[in-house]
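Undergrad: Read top to bottom, the protein sequences are chains E and P.
The numbers in my numbering rise by one with no breaks, and the one at position 39 of the first sequence is 238.
The numbers in my numbering rise by one with no breaks, and the one at position 207 of the second sequence is 1289.
It is possible that part of the hints are untrue.
[Claimed, not checked] BS3-like mimics (lysine-lysine), calculated; alpha carbons at most 25 Å apart, straight line: (1) E:Lys307 x P:Lys1332; (2) P:Lys1216 x E:Lys270; (3) E:Lys316 x E:Lys332; (4) P:Lys1334 x E:Lys274.
[Unchecked claim] Computed from the model, here is a short list of chain E residues facing chain P with C-beta under 7 Å: (5) Ser255; (6) Gly259; (7) Ala287; (8) Phe486.
[Claimed, not checked] Computed far set for chain E versus chain P, every beta-carbon distance over 10 Å: (9) Leu253; (10) Asp267; (11) Arg273; (12) Lys274; (13) Ile279; (14) Leu281; (15) Leu288; (16) Ile295; (17) Arg303; (18) Leu304.
No lab work stands behind these hints, which were simulated from the structure alone.
Just so it is clear, CB atoms sit at the ideal spot from N, CA and C, and this is done for glycine as well.
Take a look at the letters that make up each chain.
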Amino acid sequence: MSEIINVQNLVKKYDNNFTAVKNLNLKIRQGEIIALLGPNGAGKTTLISTICGLSSITSGIIKVNGLDVIKDYRKTRELIGLVPQELALEPFEKVINSVKFSRRLFGKKDDNEYIEKLLSKLQLYDKKNNIIKSLSGGMKRRVMIAKALSHDPQILFLDEPTAGVDVELRKDMWSIIKELKNEGVTIILTTHYIEEAEMIADRIGIINHGELLLIEEKRELIKRMSVKTLKVKLKKTLDIIPTKLKKYNLKLIDEGKSFLYYYNTGKERTGITSLLSDMNKIGINLFDIQTEETSLEEIFVKIIKD
Amino acid sequence: MNIRGIHAIYRYEMNRSFRTLIQSLVSPVLSTILYFIVFGAAIGSRMDNISNVSYGAFIVPGLIMLTVQMQSVNNASFGIYFPKFIGTTYELLSAPLSFVEIVIGYVGAATTKAFSIGLIILCTSYLFVDLDIKYPFFMLCFLFITCMTFSLLGFIIGIVSDNFEQLNIVPMLIITPLVFLGGSFYTIDMLPPFWQSFALLNPIVYLISGFRWSFFGVGDVPIFTSIIFMLIFTSICISIIWYIFKTGYKIKN
Chain E
200 MSEIINVQNL VKKYDNNFTA VKNLNLKIRQ GEIIALLGPN GAGKTTLIST
250 ICGLSSITSG IIKVNGLDVI KDYRKTRELI GLVPQELALE PFEKVINSVK
300 FSRRLFGKKD DNEYIEKLLS KLQLYDKKNN IIKSLSGGMK RRVMIAKALS
350 HDPQILFLDE PTAGVDVELR KDMWSIIKEL KNEGVTIILT THYIEEAEMI
400 ADRIGIINHG ELLLIEEKRE LIKRMSVKTL KVKLKKTLDI IPTKLKKYNL
450 KLIDEGKSFL YYYNTGKERT GITSLLSDMN KIGINLFDIQ TEETSLEEIF
500 VKIIKD
Chain P
1083 MNIRGIHAIY RYEMNRSFRT LIQSLVSPVL STILYFIVFG AAIGSRMDNI
1133 SNVSYGAFIV PGLIMLTVQM QSVNNASFGI YFPKFIGTTY ELLSAPLSFV
1183 EIVIGYVGAA TTKAFSIGLI ILCTSYLFVD LDIKYPFFML CFLFITCMTF
1233 SLLGFIIGIV SDNFEQLNIV PMLIITPLVF LGGSFYTIDM LPPFWQSFAL
1283 LNPIVYLISG FRWSFFGVGD VPIFTSIIFM LIFTSICISI IWYIFKTGYK
1333 IKN
């Protein structure tokens, strides 16, 4: 996949001297879904704002499709659609007029067929003549997406698209995002919901204090960072961990009826076989075993804390 | 140039006015008719001619100026402030539009609205007074430039305002008194000598004088002074808007 966005050494400093983005580098590939995770105030929205033209850049370079977002702003912005975090819509306008207005701002000719198809895809066709004020929050969120897609962009920025929406609508949004990806749209979304990133993203970036802490393929990240827990239930209660098993850093629980063993699935050897073998050698019999996997959420918390 | 983008903003702003036709058009025209009835018919019938012009006809240019200046400022300031208030400026800033194009869209629409209202008031005035315009082409040009300049001023006010109160402070507390004291209803030489020189500090005097000159061939100050003043005023507004967009002041984070 070719690279569609390239952020190099981006710094964004506000007038009050607060640095929201610190020397950030990021490359986004065409056609992927990338989720940017981070706590409030981490710099996610500022990053998006600088790419889309809402915020000025203190230093650094941002290129979209090989073009500089400042020098070639017309060409770069034509490629981008943006759905901001807040529901910002003209309340007294009809849905269809609002979407057409957005398309015209991008210098595109009216195309009723495209707009109607878009509204149908977002399940807004029946509401096209409704006044925006009369729509539910979920429908307004769809209108925002329709407006962002009205000029048929290659890149779509979604700033917390499912913040405050119910579970059903969130799943609908996910399917819309996946559909857009299948059509070749590159999607960059920021989210607080780790589950969201886990469900739809190809790659995950974690931002905190204006720095990109990591960016990695979702599966690789989970595999690399994932720590599994092996819970071993014993036939006989143990008072302390036997000396022979101390190297495994076991943790006694349930008043000695069980212990926990942590291992990394990303490593070549998990150590489970040797643990079970050593247990057998010293005559500790197991009653039952079970495993638990670390979620992306736990990985996220660990990275942010570190 | 993104002509479709400019047209989209222009059309959107014009549609907003059509949605609120009573507020946009009927209200200013009705207010002006009331001025004609009170100052033109009731009080004006007891007044002497000024520079060989009946008082009713004399106040026509001043009333038009009074209305178009207020309308230009209000339309343009609200036009850009409302998107700021509801958060939709992100659309303008993320679209392939230059700042000149955004200004042309908003200021163009506000100018059109104010200019149209000015012409409607002019037509309405024929119902109340006999009017003969000496320099009609110059009058239209002067009216248009006034509408445009005050729309630019309104655009600046809309950008720098952080709330509705601030949006109304400049039009209500600065522009309205200046317009009323700018010779809409009298000539400067009707004032006592001290106030005459004081009145010349009021920039609106030069605009009303220039506009009145286009009607009757006479004004409080020479017409070239009015033209030069108008050009200076327009240049200042354009410079401030250029600075705002250049620095992103109150627009970009």
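Undergrad: Does E:Arg273 clear chain P by more than 10 Å, comparing its Cβ with all Cβ atoms of that chain?
TA: violated, 4 Å
Undergrad: Confirm or reject the statement that E:Ile295 sits farther than 10 Å, beta carbon to beta carbon, from all of chain P.
TA: The assertion about E:Ile295 holds, with a minimum of 13 Å to chain P.
Undergrad: Let's test the interface hint: is any C-beta of chain P closer than 7 Å to that of E:Gly259?
TA: With a closest approach of 16 Å, the E:Gly259 hint is violated.
Undergrad: Against chain P, does E:Leu281 keep a CB gap of more than 10 Å to every residue?
TA: For E:Leu281, whose nearest Cβ neighbour in chain P is about 5 Å away, the distance does not exceed 10 Å, so it is violated.
Undergrad: Regarding the pair E:Lys307 and P:Lys1332, is the alpha-carbon distance no greater than 25 Å?
TA: This hinted pair is violated, its Cα atoms lying about 28 Å apart.
Undergrad: Is the hint on E:Ala287 kept, meaning its closest Cβ partner in chain P is under 7 Å away?
TA: holds, 3 Å
Undergrad: Does the alpha-carbon distance linking E:Lys316 and E:Lys332 stay inside the 25 Å limit?
TA: Holds, at about 22 Å.
Undergrad: Identify whether the interface hint at E:Phe486 stands, where standing means a beta carbon of chain P within less than 7 Å of its own.
TA: Hint on E:Phe486: violated, closest Cβ of chain P at ~60 Å, above 7 Å.
Undergrad: Hey, does E:Ile279 actually stay past 10 Å from chain P on C-beta?
TA: violated, 7 Å
Undergrad: Are all beta-carbon distances from E:Asp267 to chain P longer than 10 Å?
TA: Non-interface label stands for E:Asp267: nearest chain P Cβ at 14 Å, farther than 10 Å.
Undergrad: Was the hint right that E:Ser255 lines chain P, CB cutoff 7 Å?
TA: It holds, given that the least Cβ distance between E:Ser255 and chain P is near 5 Å, below 7 Å.
Undergrad: Holds or violated: P:Lys1334 and E:Lys274, Cα atoms, limit 25 Å.
TA: Status holds; Cα separation ~20 Å.
In this structure, the hints that do not hold are numbers 1, 2, 6, 8, 9, 11, 12, 13, 14, 15, 17, 18, in rising order.
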